[in-house]
Amino acid sequence: MFIRNAWYVAAWGDEIQDGQILARRICNDPLVLFRAGDGLVAALEDRCCHRAAPLRFGRVTEGCLQCGYHGLTFDRHGKCVRIPAQDLIPERACVRSYPTVERDALVWIWMGDANKADESTIPSFPYHNDEANWPHRHQVIHVKANNMLLVDNLMDLTHIGFVHGRTIGGNEEMHARAQTKVTRAESGLSFIRWMLDSEPPTTYRRLYDFEGTVDRWQEFEFVPPSNIIQWSGAMKSGRGATENRNQDNTFSFRIFHGLTPETESSCYYFWSGCNGYEPDDPAATEMLFSELARTFAEDKDIVEGQQERLTERGEQGLVAVASDAARLHMRRIEQRLLAEEAVNNQVRSTT
Amino acid sequence: MFIRNAWYVAAWGDEIQDGQILARRICNDPLVLFRAGDGLVAALEDRCCHRAAPLRFGRVTEGCLQCGYHGLTFDRHGKCVRIPAQDLIPERACVRSYPTVERDALVWIWMGDANKADESTIPSFPYHNDEANWPHRHQVIHVKANNMLLVDNLMDLTHIGFVHGRTIGGNEEMHARAQTKVTRAESGLSFIRWMLDSEPPTTYRRLYDFEGTVDRWQEFEFVPPSNIIQWSGAMKSGRGATENRNQDNTFSFRIFHGLTPETESSCYYFWSGCNGYEPDDPAATEMLFSELARTFAEDKDIVEGQQERLTERGEQGLVAVASDAARLHMRRIEQRLLAEEAVNNQVRSTT
Amino acid sequence: MFIRNAWYVAAWGDEIQDGQILARRICNDPLVLFRAGDGLVAALEDRCCHRAAPLRFGRVTEGCLQCGYHGLTFDRHGKCVRIPAQDLIPERACVRSYPTVERDALVWIWMGDANKADESTIPSFPYHNDEANWPHRHQVIHVKANNMLLVDNLMDLTHIGFVHGRTIGGNEEMHARAQTKVTRAESGLSFIRWMLDSEPPTTYRRLYDFEGTVDRWQEFEFVPPSNIIQWSGAMKSGRGATENRNQDNTFSFRIFHGLTPETESSCYYFWSGCNGYEPDDPAATEMLFSELARTFAEDKDIVEGQQERLTERGEQGLVAVASDAARLHMRRIEQRLLAEEAVNNQVRSTT
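Protein chains in written order, with numbering that gives the first Met the number 0: chain G, 0 to 350; chain A, 0 to 350; chain H, 0 to 350.
Just to be clear, a hint being listed does not mean it is correct.
No copy labels: a pair is met if it fits in one copy or bridges any two.
What the hints assert, rightly or not - Simulated crosslink set (BS3-like; lysine-lysine; CA at most 30 angstroms straight-line):
#: 1; residue 1: Lys78; residue 2: Lys299
#: 2; residue 1: Lys115; residue 2: Lys235
#: 3; residue 1: Lys180; residue 2: Lys299
#: 4; residue 1: Lys180; residue 2: Lys235
#: 5; residue 1: Lys143; residue 2: Lys299
#: 6; residue 1: Lys299; residue 2: Lys115
#: 7; residue 1: Lys78; residue 2: Lys235
Just so you know, the hints here were simulated from the structure itself, not pulled from any lab data.
Chain G extracted, bound-state conformation:
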């Protein structure tokens, strides 16, 4: 079951080149993404309405997508505009199209009722456009787990001490006992964790020249259905970090996390690393990216193992612990959104 009336990241903008077709499966719908004549991204069902051939075998022609089997051609709205062997085009000849918006280097897609697609609810991440102050690199990785298991992962950072001992972890107990303040909203949540006067972890030391202990923070914002905006960093202890994090000589980076469901048990993990500490040094941006990539690979392994167990035995016998607080609030928001959508669908189908 997926929340469908929602914006998901479908692709990085630079994944969709002019004239090319990108195939993805989102919320279990097979799709193709391409740039129509105006450069805007179109998203169509990856299944021709003639004989069900995947449209990804086709080609982009005059801003439309031509099926590679018998040549039916569809515009950005999924309307068939050409059938090679005949002049009359039946009304029914069409494929499903999906609203898309390209913003902040990301292509967003709306998987549900197109009438409800409100662009103003797309989370903003202007750092992707701010090459001068927050140069970034990004990628997408495929994870064989339900996307919400990765949201879970990011809502309970006590895992850092255990999963990321060789990268951003370090002292386990420090992570477990980090002071965390959760701010709950009806439509999302955010939290900030402080590790004051602490040793910088391995990854931080590889990226930045620290002296002595640091005041380290992790600030996370969860935006439903499954996007997370992160700001993390550290500065020398005693400089009043908790009052003001925008000081010079501060190690700080931002991450965008977009967790988009492919199927019930697999997802795409879109993420970026934005360098806020040495923005003029491309090598620093590159190094931040490769260090973060290592930590995401660590998460991928354990979350895929978790998915195997859940697929086989479900949630039976599981016990929540104190550090699940933010995660449980997030899950309640999800449940409410799913329930609302189920009610709406029922109303629609009975009227």
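Assemble the complex: chain G is given as a structure, and chains A and H must be docked to it using the hints.
Okay, now just chains A and H, sitting in the frame of chain G:
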């Protein structure tokens, strides 16, 4: 669901060498094929009646097949003729056998009621035996799609312009608008398409030395359940091709297509290319074969993609177009044959 | 369906090194095995009770197992003894543990009701500890077949002539007609086969310097649920082998076979080869092992093929033969044990 009271191609004759065992799955029945003592091909269920071991692990001995596990030995009719540790052989000790006929380089198999196996209904393709005038090469490829999707493919040749643009295709619109005459029979159909005064496509030009435009034809005969006999060619425009295609200096080749179901979603594609234009030149026959092999690989890709979509969503929402005419007639014949077989099976099970 | 109130081999003792975690699936339960503080092997469910992460990603610490996701820590009994972010540990925070016993180089596990785990019913195989007289090498192979198909295999040795023609087989008819004496007990069975005055097979000749014909024996004991103890050998004919097999200049070896179900259609095959003929020569022990490994690979192939057929069509139409006698007795014991367990479970669930 398969039409079982029908002849399918089980193998090329030269795939079954003396003393060897060829394992195939046809209509979802696992089989072994081997040459019994008289050189005739036998087809048995690939499952020993003792402990269900696959007979393909066995060996051919004295014209019989000996199971490789405990040595039970079966004759060409599936009757057990030896049990190593005992003298008495129970009547029930037998495996299913299937009627086979070797003809025109092909081994045909009857998957249904053996009493109905009428050899006279096997399609004839004498060109496989006519090395002087129609030398050929053949192969079998495995396709992860229902066999009827490949019959569909051959019944709607407008696909040639799109799928085979780099081989036998060329002008898409020309293929879509080619004059096609379909001849419907109760037990099959044939059609011929003419592209008069047209440019020869890439593949044709690689195979033959054309000057100027050609009159090009494609003649197809569908023989249920899933065999197709093709004669294609081209000659210089203006020489009366539509009246007489058996003239000198004509580029012409024949193809046998045998589409045999392995499972509901996979099949064997047996095909040959017979060289009717330079029969004395083995290199020409070889080159025809390799050019055709490229076009079949193009079909395989798109048809496998089509199968994925149909497996997932079925035929819902699909729209037929004008070029589906022959295909739809073919599908009606199939439906009638399936329905007849279902009635027969019901009658048999109630009497 | 598995017999669960039974001892199965879970591992070779030397597979579980201090501080390491070995993951196995037994009777379809995912498990981890590790050495607790006292060196004794502990077996826990491979699923953390917090978020279902596999415990195999964790680490052994102070004789306990710490989950690699959020750090919950479990003792050898599956009791949670630490939750990083909190002081109170709920009673329900635990994972299933399984009784284990390490004996004769093997780690045994009890998969059912722990109250019924009686160590005295573990089969004894002291040769694994007798390096002076029976030096051995061992391994475990994974077989994609129900474990009972391999027990079947060992209960009907007429297969040797057919499956192992190039190793321990040789004359097929001799194997089929070997004099076999089966001794049935309520809780197991044993049999001995004699091939008197026979040619030693290929494998035997590679391992030992025979002159002339031999009196050869194979003695097997089946211990439910799925363990088999074998003593095989041969000595020069005419020396009274049937009266006394413990003579000098006798080629003799012992094999322990432990067939442990992984799933309904896969298993672990634990086996050893114990050299009783040249105990002082490590090269002879090594060579015995590699010859036996070849025969087990031959069994694996055919039994995996058999499993495929049984998965697809079950046992329908199968016919027992004379050589199935021991096998059928073994299967009746299994059925009785399964039925008893089903009754016990029913009684337990209604009281």
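Give the relationship of Lys180 and Lys235 under a CA distance limit of 30 angstroms: within one copy only, between copies only, both, or neither. Close inside one copy (22 angstroms), not across copies (84 angstroms); limit 30 angstroms.
Up to 30 angstroms CA-CA - Lys115 versus Lys299, copy category: neither (33 angstroms within a copy, 40 angstroms between copies)
Evaluate Lys78 and Lys235 at a C-alpha cut-off of 30 angstroms and name the case that applies: within, between, both or neither. Answer is neither; intra-copy 59 angstroms and inter-copy 41 angstroms both fail.
Same-copy or cross-copy closeness of Lys143 to Lys299 [CA-CA at most 30 angstroms]: Answer is both: 8 angstroms inside a copy and 28 angstroms across each meet the 30 angstroms cutoff.
Treating 30 angstroms as the Cα threshold, decide for Lys115 and Lys235: within, between, both or neither. Answer is neither: 47 angstroms inside a copy and 61 angstroms across each miss the 30 angstroms cutoff.
Identical-chain pair category, Lys180 with Lys299, by Cα at 30 angstroms: Result: close within a single copy only, 27 angstroms intra versus 57 angstroms inter.
Are the CA atoms of Lys78 and Lys299 at most 30 angstroms apart within a copy, between copies, both, or neither? between (39 angstroms within a copy, 27 angstroms between copies)
Checked against the numbered hints above, the structure breaks hints 2, 6, 7 and satisfies the rest.
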